[in-house]
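**Student:** Protein sequence lines correspond, in order, to chains A and B. Start counting at 1 in the first sequence, then tack on 384, and there's your number in our numbering. Start counting at 1 in the second sequence, then tack on 384, and there's your number in our numbering.
Wrong hints could be hidden among the right ones.
Part of the chain B face toward chain A, derived, beta carbon under 10 Å [claimed, not checked]:
(1) ASN447
(2) ILE448
(3) ILE449
(4) ILE485
(5) ASP490
(6) SER655
(7) LEU696
Pulled from the structure, derived: some chain A residues nowhere near chain B, Cβ distances all over 12 Å [to be verified]:
(8) LYS467
(9) GLU475
(10) SER659
(11) ASN753
Calculated from the structure, these hints are not laboratory results. No residue lacks a Cβ here, since even glycine has one placed at the ideal position from N, Cα and C.
There are 2 protein chains.
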Amino acid sequence: MKISFKKNDLVNAINIASKAVASKTTMPILECILIEADEDGVSFTANDMELGINTRIKASDCNIIEGGKTAVEARLFFDIIRKISSDDSSEIVLSKKDSIIEISCDNSLFKIQERDADQFPVLDLISDEKYISISQFTLRELIKDTIFSISSNDSNKMMTGELFEVKGDNLKVVSLDGHRISIRNTSLRDSYESVSVIIPGKTLNEIQKIIPGDADKDVTICFSQNSVLFRFDDTVMISRLIDGEFFRIDNMIRPDFDTRVVINKKELLDSIERSTILVRESDKRPLIFNIEDSSLELRMSTVIGSMDDRLLMRKEGKDLMIGFNPRFLMDALRAIDDEEVSLYMTNAKSPLIIRDEKDSYVYLILPVNFNAYSY
Amino acid sequence: MKISFKKNDLVNAINIASKAVASKTTMPILECILIEADEDGVSFTANDMELGINTRIKASDCNIIEGGKTAVEARLFFDIIRKISSDDSSEIVLSKKDSIIEISCDNSLFKIQERDADQFPVLDLISDEKYISISQFTLRELIKDTIFSISSNDSNKMMTGELFEVKGDNLKVVSLDGHRISIRNTSLRDSYESVSVIIPGKTLNEIQKIIPGDADKDVTICFSQNSVLFRFDDTVMISRLIDGEFFRIDNMIRPDFDTRVVINKKELLDSIERSTILVRESDKRPLIFNIEDSSLELRMSTVIGSMDDRLLMRKEGKDLMIGFNPRFLMDALRAIDDEEVSLYMTNAKSPLIIRDEKDSYVYLILPVNFNAYSY
Chain A
385 MKISFKKNDL VNAINIASKA VASKTTMPIL ECILIEADED GVSFTANDME LGINTRIKAS
445 DCNIIEGGKT AVEARLFFDI IRKISSDDSS EIVLSKKDSI IEISCDNSLF KIQERDADQF
505 PVLDLISDEK YISISQFTLR ELIKDTIFSI SSNDSNKMMT GELFEVKGDN LKVVSLDGHR
565 ISIRNTSLRD SYESVSVIIP GKTLNEIQKI IPGDADKDVT ICFSQNSVLF RFDDTVMISR
625 LIDGEFFRID NMIRPDFDTR VVINKKELLD SIERSTILVR ESDKRPLIFN IEDSSLELRM
685 STVIGSMDDR LLMRKEGKDL MIGFNPRFLM DALRAIDDEE VSLYMTNAKS PLIIRDEKDS
745 YVYLILPVNF NAYSY
Chain B
385 MKISFKKNDL VNAINIASKA VASKTTMPIL ECILIEADED GVSFTANDME LGINTRIKAS
445 DCNIIEGGKT AVEARLFFDI IRKISSDDSS EIVLSKKDSI IEISCDNSLF KIQERDADQF
505 PVLDLISDEK YISISQFTLR ELIKDTIFSI SSNDSNKMMT GELFEVKGDN LKVVSLDGHR
565 ISIRNTSLRD SYESVSVIIP GKTLNEIQKI IPGDADKDVT ICFSQNSVLF RFDDTVMISR
625 LIDGEFFRID NMIRPDFDTR VVINKKELLD SIERSTILVR ESDKRPLIFN IEDSSLELRM
685 STVIGSMDDR LLMRKEGKDL MIGFNPRFLM DALRAIDDEE VSLYMTNAKS PLIIRDEKDS
745 YVYLILPVNF NAYSY
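Model the full assembly from the supplied sequences, consistent with the hints where possible.
**Tutor:** Set out below in structure tokens:
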């Protein structure tokens, strides 16, 4: 095997593939990247058994002097490629002699041991039964604006992933962790067959990192019984799905309310962020919203001190005093781009819902009990 | 007490003073900032008993409605000041009622408990016996370019500080850790009385962070028997000195050599950095310089793999093979701004010296033993 690449192309390819390299594993081969060169180009594959990525450099973008395949320890290989030259347009030559991999560039030569490529687990590429197309930019935004409310606790597997539900030309993405629900709806350019799957949070986190995010380039997402495949540019990413039926959330998101507050998003977010200065790990106190007439009063009181902010707002319906975990409010508000947001509430025991008119976003947050007399 | 400030001024002052706030202490008052307001302005003081900082906001830059003094928990106070408004030009009002500190800005009000200002240890400002003046920029550079070779190990206290030696119009700064010595010489604008003191590394690290670094503004450094005082802008920083006489290093820095190498600094540094990819904590192998004719060969060989780089250079004197800890070379080369550097060596057991002709910098690095047969 002997191939010469532009440094930049090689760095990009390994950067993408390395997202599926296992970090803690009892199988050392999963810490490797499989490199295969034939007349079509060079392919780079990583697979941690949950998530697999394959990306290619086309034959026209490199010089394949001799085909072949090998496996190399991913982190070490990546470090060498990045540092072997400070010039991104340098030519890097990768070759194999016996079982030694040589990486050379300008006047620098590295030699490392190859790993056994035949041990590398084959990526199980599914057939493209059902699929949708969506812009790279939109997919990345959908994930970013919902991923924060998945649960990191494995005790309920379903909460560690997100629902992707296709109905006609609508894609709905939902995550929830028992304290809150995040929903995003987006219109697709075409209508598709209905799909409802739960994609692991880890997969979504990784794809969010490697999608270039161009608004005018697409990702094709293919669904099969047990797995989902993302195809974009020269890359394919495949992941297992989480088994089971997702939580029924439709009757939790109710359209009726007793209090509606319309308020400047940035002012509200700044004030909530300030309140957390007074919160220490050991002393989690709720943030109180006191909604009266035309002002929203935010109060936080802990052993450290107290905060009392007053924000202007527009109100419909009843006055209300209600308490929240400030971090949940911050996560939702940070995901919203609108200048003004509408908060819908019923009473101090019922969830707060932040939504826009088209339901392009719906964030539900459960309130926290508090002792009204101490405020 | 009641004072109103521009947010920006208050943030700057607390940022400076907080560098002397104790982080781990059994005396809670040392975690505080002392705030004193009188007709001249407002002063902010912190003191961890090794290092003290006092900085002022002049009366003309704030509005002192009522004088007084208080102590507040530094970290909490700083967090509140930074987040109470997103606008740096906002007015922040600080006031004290009974023992409650109120901090208000726009529609936000924080209340925190004051601490007992009378417990705060007084800063012991020395009289200005001997002193020098130096530009803020030069002092910051001198520290940055030598601080990396102080020792973090307290077993030899002297190695945890730096020698500051004034002779006539020359200031010499020296640090050493048993494996290497870093020396910087700089010309002062005037001649001063001779001084030789050892300033703790922690002090130098902190002053480096808070000096604005203007080339056209000065720092006055005053020396007394046991302490050193830095005065710049509206700030005074005072620190204890390390007792004792510094190591005699003059006869270690010898002018004779058997091999001199002149080489491009960036190429050399890049190559040394690359070699460390192959070094793991558990397996510290030396970097070998093989100096032959017109090329410097750099070799690193570990359990992970091998590197072999060849750099062009100009040589005077004998060929030589010599081994180093690559990190020590990297630290020294990163501190040098020159495009080309000169390396002076004698044999594989004697130190390498990197110096320029004026001795504005001198870096000495001890070599490491290696088994020539394995290379």
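**Student:** What hints, given by number in increasing order, does this structure fail?
**Tutor:** As far as the earlier hints go, 1, 2, 3, 8 and 10 are violated by this structure, in ascending order.
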